[in-house]
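Colleague: Chains as they are written, first to last, in my numbering: chain A, 41 to 397; chain B, 41 to 397; chain C, 41 to 397; chain D, 41 to 397.
Incorrect hints may have been included.
The list makes no distinction among identical chains, and a pair is therefore deemed to hold if it is satisfied within one copy or across any two copies.
To be verified - With a straight-line cut-off of 30 Å between C-alpha atoms, the simulated BS3-like cross-links for lysine-lysine are: (1) Lys124 - Lys326; (2) Lys341 - Lys124; (3) Lys326 - Lys107; (4) Lys124 - Lys244; (5) Lys326 - Lys208; (6) Lys107 - Lys128; (7) Lys43 - Lys83.
I should point out that these hints are in silico values taken from the structure, not numbers from a laboratory.
Protein chains: 4
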Amino acid sequence: MEKLSVAILGATGAVGQRFIQLLDNHPWFRVDEVIGSNRSAGKTYAEAVNWVLDGEPPQRVAELTIKGLDDTFNSPLVFSALPKEPAKEREMQLAGAGHVVCTNASAHRMVEDVPLVLPEVNADHIQLIDIQRRNRGWTTGALVANSNCTTMPVIMALKPLLQFGVRKLHMVSEQAISGAGYPGVASLDILGNVVPYVSGDEHKMETETRRMLGTLDDDVVNWIDIVAGATCTRVPVVDGHLVNISVELEAQPEISEIIQAWEQFRGQAPIPELPSAPEFPVKYLKEIDRPQIRRDKNTGKGMTTSIGRLRPCPILGYKFAALSHNTIRGAAGCSILNAELLSASGYIQQFNPMLEN
Amino acid sequence: MEKLSVAILGATGAVGQRFIQLLDNHPWFRVDEVIGSNRSAGKTYAEAVNWVLDGEPPQRVAELTIKGLDDTFNSPLVFSALPKEPAKEREMQLAGAGHVVCTNASAHRMVEDVPLVLPEVNADHIQLIDIQRRNRGWTTGALVANSNCTTMPVIMALKPLLQFGVRKLHMVSEQAISGAGYPGVASLDILGNVVPYVSGDEHKMETETRRMLGTLDDDVVNWIDIVAGATCTRVPVVDGHLVNISVELEAQPEISEIIQAWEQFRGQAPIPELPSAPEFPVKYLKEIDRPQIRRDKNTGKGMTTSIGRLRPCPILGYKFAALSHNTIRGAAGCSILNAELLSASGYIQQFNPMLEN
Amino acid sequence: MEKLSVAILGATGAVGQRFIQLLDNHPWFRVDEVIGSNRSAGKTYAEAVNWVLDGEPPQRVAELTIKGLDDTFNSPLVFSALPKEPAKEREMQLAGAGHVVCTNASAHRMVEDVPLVLPEVNADHIQLIDIQRRNRGWTTGALVANSNCTTMPVIMALKPLLQFGVRKLHMVSEQAISGAGYPGVASLDILGNVVPYVSGDEHKMETETRRMLGTLDDDVVNWIDIVAGATCTRVPVVDGHLVNISVELEAQPEISEIIQAWEQFRGQAPIPELPSAPEFPVKYLKEIDRPQIRRDKNTGKGMTTSIGRLRPCPILGYKFAALSHNTIRGAAGCSILNAELLSASGYIQQFNPMLEN
Amino acid sequence: MEKLSVAILGATGAVGQRFIQLLDNHPWFRVDEVIGSNRSAGKTYAEAVNWVLDGEPPQRVAELTIKGLDDTFNSPLVFSALPKEPAKEREMQLAGAGHVVCTNASAHRMVEDVPLVLPEVNADHIQLIDIQRRNRGWTTGALVANSNCTTMPVIMALKPLLQFGVRKLHMVSEQAISGAGYPGVASLDILGNVVPYVSGDEHKMETETRRMLGTLDDDVVNWIDIVAGATCTRVPVVDGHLVNISVELEAQPEISEIIQAWEQFRGQAPIPELPSAPEFPVKYLKEIDRPQIRRDKNTGKGMTTSIGRLRPCPILGYKFAALSHNTIRGAAGCSILNAELLSASGYIQQFNPMLEN
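All chains should be built: construct the whole structure from the sequences, respecting the hints.
Modeller: Here you go:
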């Protein structure tokens with residue numbers, strides 16, 4: 041099988057690096073183009089990047105020459121790790137020029153015809169692409185977003201509970217520094233410290249959750265009717281976001297029923313067959329002191345959400361903790377899984393590796 | 041003025057060390073006796089202690105000879121930093137033998153005639169000592185406890201809000217390692233990690249809060265009627281417990297009224313005159329990213345509770361963060377303030393420095 | 041190929057856990073027996089272990105029943121993660137009973153007929169087994185040790201420099217907490233701290249280095265004649281030991297010659313073919329701020345030593361930094377590589393997977 | 041006594057903040073002018089500063105209006121926390137305009153007629169001011185520098201050893217993040233990490249040490265003849281630099297003689313009477329695992345250098361560890377002590393509080 045050429049927008053940033061690391065030896069996709077700032081353009085990736093992940097960039101990508109943000113390029117599939125502001129205009133342009141753009145940026149998450157997708161949760165929302173193409177006169181292009189990294193473990197944990205009638209949702213996060221990119225959080229601000237505020241994330245958790253758990257009816261996503269409140273805090277760990285969740289469930293299920301719902305939860309076909317899909321989207325840990333950020337963030341190669349401590353909450357009825365790797369499942373890994381879903385669903389022209397097989 | 045001799049029970053442990061540090065050069069009290077395990081008895085304090093605080097133990101105390109837990113001693117005032125189990129029997133014995141015992145242990149916090157006191161919050165509860173003495177046939181002895189270190193910032197923040205009718209209370213803590221004593225938390229368990237569980241603390245936060253905010257009527261404390269739920273987590277910081285609090289207030293006050301209530305909050309006379317009382321029991325910080333554990337734990341020499349981020353909560357109406365130094369105000373410092381209150385209130389025989397002045 | 045049964049001594053400790061993690065899906069060896077304290081005997085591994093590594097123990101091992109330290113067992117190959125004291129007697133007994141014992145314990149590292157081996161450095165020292173068997177009347181049994189975890193990166197970096205005549209060696213380490221096992225270092229002792237002392241390690245670095253770089257002549261290892269001094273410090277990181285090394289080289293080579301020596305360094309046949317051998321035993325990083333503990337410890341799956349910052353030293357001529365993963369290459373991973381070398385060299389009776397292939 | 045008005049250059053930066061914190065309630069000096077960037081000019085200090093130290097800025101200074109870097113001002117004494125580049129021109133201008141400038145910047149440390157002073161070590165070097173004024177035609181102005189923060193503990197520890205003939209010096213530092221200012225080190229670069237490189241510091245340690253331990257002869261400082269080599273590393277702690285030092289001493293004193301030299305070391309009159317001078321410039325700790333960064337950095341209010349682990353070094357004869365608070369004694373605190381020395385020595389016109397007393 042001929043791999044599909046992909047381009048990375050914002051390739052030298054922290055999320056861009058994670059895209060490149062996760063796509064190394066990907067069975068379907070091959071990074072052929074790296075797009076950076078106009079200042080980096082013309083340098084090799086190795087020269088331009090300040091690699092902040094472990095080890096060193098993959099050799100193949102290290103030798104690629106960086107293109108500027110306004111340069112044209114050929115890859116049918118584009119992963120965007122752009123900051124919000126440059127993403128606003130450029131992502132739409134590229135989708136309009138025929139590229140399928142899977143973005144981690146927040147710029148278009150709330151645009152009505154842009155699907156905001158986490159495959160196991162709302163794969164059907166990708167049908168918004170048909171609306172999108174019709175609305176905008178696009179043929180091969182598309183723009184698909186994934187959620188904020190702290191929202192991710194919440195919607196993953198709640199999806200299997202929708203059957204019980206989720207009414208109210210109280211969230212307190214403990215978030216890693218890598219969510220803020222590079223240089224991001226100054227070490228003087230976080231070493232030996234906890235900061236009870238993360239700019240912008242509380243609003244995203246309250247709104248993205250409701251859109252992603254909503255239903256696609258009549259070509260539009262109807263947000264789910266949940267009263268949601270979030271508090272976001274920053275803690276001195278590198279990767280992994282933990283959220284302490286209290287939830288009100290109309291059906292008042294037994295604790296064991298909830299755990300069973302999590303254990304039985306799987307993405308619908310073809311999701312379990314996608315290369316980046318974990319065996320289990322969520323995993324319930326029965327030890328009383330789990331999930332722990334350092335020990336559980338890499339479960340399922342960073343694509344599984346770990347849940348634990350389910351117990352009664354005197355206020356809302358139920359409470360538990362949910363944890364995900366914020367730059368894998370919560371960012372680049374989710375964009376890649378979205379692109380795999382789009383490929384397998386026929387949204388990338390002339391490329392469907394699951395048909396070929 | 042002749043200083044009062046005091047003894048420290050559990051003097052070589054982490055909380056015992058904090059007692060000794062805070063009592064160095066205390067204007068009323070002087071550490072004359074240090075009580076350790078029977079294994080340490082006979083050694084000098086300097087020989088026996090593995091000093092885990094900054095710097096070194098005060099020279100005067102370093103030269104004291106340690107007495108065993110079962111030895112007799114003379115100090116009228118005793119501070120107890122014993123673990124729960126040895127505290128159960130020994131503290132009652134000592135009170136029965138005529139000592140005034142101010143304990144940080146949890147062993148007797150829920151005993152009906154033992155006052156559980158944070159001076160600015162419920163100084164009047166010390167009147168339980170009269171009941172206690174009558175019940176038990178004691179004359180000069182007494183036993184007074186202070187709260188769990190994570191409960192402390194909560195009751196301090198809630199006391200000024202009682203006027204608005206506190207109905208429901210949701211708490212998520214982020215706690216320092218020093219709360220677990222020494223050796224306490226293994227570094228392999230907490231470096232670069234968050235642990236979503238702290239044994240025993242959730243129950244203490246839910247019950248101690250209700251007892252301490254209750255009213256003393258007819259010689260008994262009537263617990264306040266608040267529905268309270270707590271989640272306790274451990275974070276990699278040395279000192280300082282932060283609690284994310286959501287609260288339902290019947291009167292639905294304006295945000296500004298709540299802040300004003302905190303700003304005007306003071307302990308009743310004679311508390312502001314006590315040597316260890318901070319100028320402000322609580323301090324509201326208006327910066328959006330405060331209180332922070334590292335930067336705000338030492339406010340008021342570790343005796344002030346810092347509060348911030350008051351804002352609407354979609355679930356309970358109001359939410360905010362509260363922070364205290366867990367081994368100063370949350371442990372040894374509170375016991376000392378309690379002892380100062382007892383002195384000034386005539387509960388320590390023949391010792392009332394405020395009368396002398 | 042039928043895999044060889046192996047037993048893990050001290051299976052529930054931190055190093056024991058690393059053995060089990062690294063041997064999961066090993067192509068030659070299969071963990072069939074786990075030996076713990078007599079207190080753990082009879083429980084399943086899952087029940088007895090407090091798993092301190094990431095994730096959870098492998099399912100196969102989790103279900104094994106733990107044997108007590110004094111129980112007999114059958115596996116021809118034994119990996120020992122025992123503490124020094126119990127190792128002293130038990131390891132010799134087991135070798136005497138016919139087991140090949142690869143130990144990470146320090147108990148026998150300096151015994152004359154016990155080879156202290158790091159394959160790429162001194163594979164020929166395994167010939168001491170012949171002496172050992174002759175001395176002790178053993179036929180199938182053997183005892184082989186690997187070095188202290190902080191010594192490891194030093195000898196790995198020095199081996200390729202022996203051609204230049206190493207005369208003097210000055211070492212200052214910055215060591216992770218996992219080197220001390222579990223519970224090991226108390227978090228109160230290391231969070232936000234550096235401790236300028238690691239018990240026992242300085243002596244090991246000064247002596248093990250000289251024995252392992254020595255030559256096997258006339259059935260005995262002649263220690264190399266290097267004047268070596270070490271300072272060991274502990275830093276707040278989880279895994280990875282970095283050593284700042286200054287060295288005097290008689291031949292006074294060019295910087296580029298030294299780098300070339302490292303880049304060309306390989307273990308001798310059959311080492312590069314062993315399953316746990318990394319592609320490169322050492323890797324020189326040219327970035328001025330590498331190797332870094334967090335980013336470079338996992339190079340070569342934790343089996344490669346990363347080196348950087350080679351430059352003139354005004355005192356000894358040359359200086360550089362060397363880094364290894366202390367519980368992989370510096371402990372369990374090295375024992376496993378030693379066992380692979382013994383297998384391939386015919387020292388494990390009726391088991392030589394390289395002949396079979 | 042009327043306090044002397046002082047101005048802080050670079051008042052909003054991390055070192056500038058430390059100046060303001062340390063000068064709060066200073067018995068001789070009062071901060072009347074705060075100089076920031078031209079961008080900050082006109083704002084109050086509270087508005088302009090991102091306070092990175094604990095707590096909040098002192099109320100008096102919080103209300104001062106910031107002046108721009110090129111504005112004129114009146115304070116006779118100026119503390120400079122400027123970065124190197126802006127310091128180059130501006131500090132000389134201000135000294136030329138009649139201000140006494142005590143700078144923490146590195147810009148002029150190697151200028152022949154600028155004294156580089158640590159009072160207990162080389163107070164006599166302030167006589168260079170006479171040369172400086174003669175050379176440059178200044179009357180009341182002067183420029184005095186203090187050393188790099190990592191050099192500081194080294195010269196403090198070595199000064200009492202000069203009597204033994206210091207010949208060679210090998211240094212490996214473990215440095216806190218605050219040495220890099222704010223935002224300084226990105227948290228992604230240092231959390232759970234050690235970085236074996238600190239830009240610029242190795243050269244400063246090798247040269248400043250030799251100048252400051254040199255002798256003032258014939259109006260010039262003759263550098264001491266020591267062969268010095270430094271390696272600088274960064275560790276994840278907030279404040280406090282520890283240096284592992286090996287030293288060759290010609291006289292080959294006993295260990296006890298060296299400890300005695302440290303214990304007897306005092307600054308010459310009038311230094312012990314200066315308000316910021318610690319009781320002991322250096323303190324030898326006999327515990328085997330001290331000095332520790334977190335526990336010992338604040339000794340003597342952060343002005344004492346803690347030393348420990350003196351023992352034989354196989355390479356150079358002696359080795360030990362020395363630790364100082366890098367932003368107090370290693371930066372702002374040292375500049376303030378220098379200014380106190382200048383005051384008491386008559387170098388600040390019409391201001392000598394020690395005469396008045």
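Colleague: Are the hints correct? Go through all of them and say.
Modeller: Hint by hint, here is what the structure shows:
no.: 1; hint: Lys124 - Lys326; in the structure: between (39 Å within a copy, 28 Å between copies)
no.: 2; hint: Lys341 - Lys124; in the structure: within (27 Å within a copy, 36 Å between copies)
no.: 3; hint: Lys326 - Lys107; in the structure: between (49 Å within a copy, 26 Å between copies)
no.: 4; hint: Lys124 - Lys244; in the structure: within (13 Å within a copy, 42 Å between copies)
no.: 5; hint: Lys326 - Lys208; in the structure: both (24 Å within a copy, 29 Å between copies)
no.: 6; hint: Lys107 - Lys128; in the structure: within (19 Å within a copy, 39 Å between copies)
no.: 7; hint: Lys43 - Lys83; in the structure: within (25 Å within a copy, 50 Å between copies)
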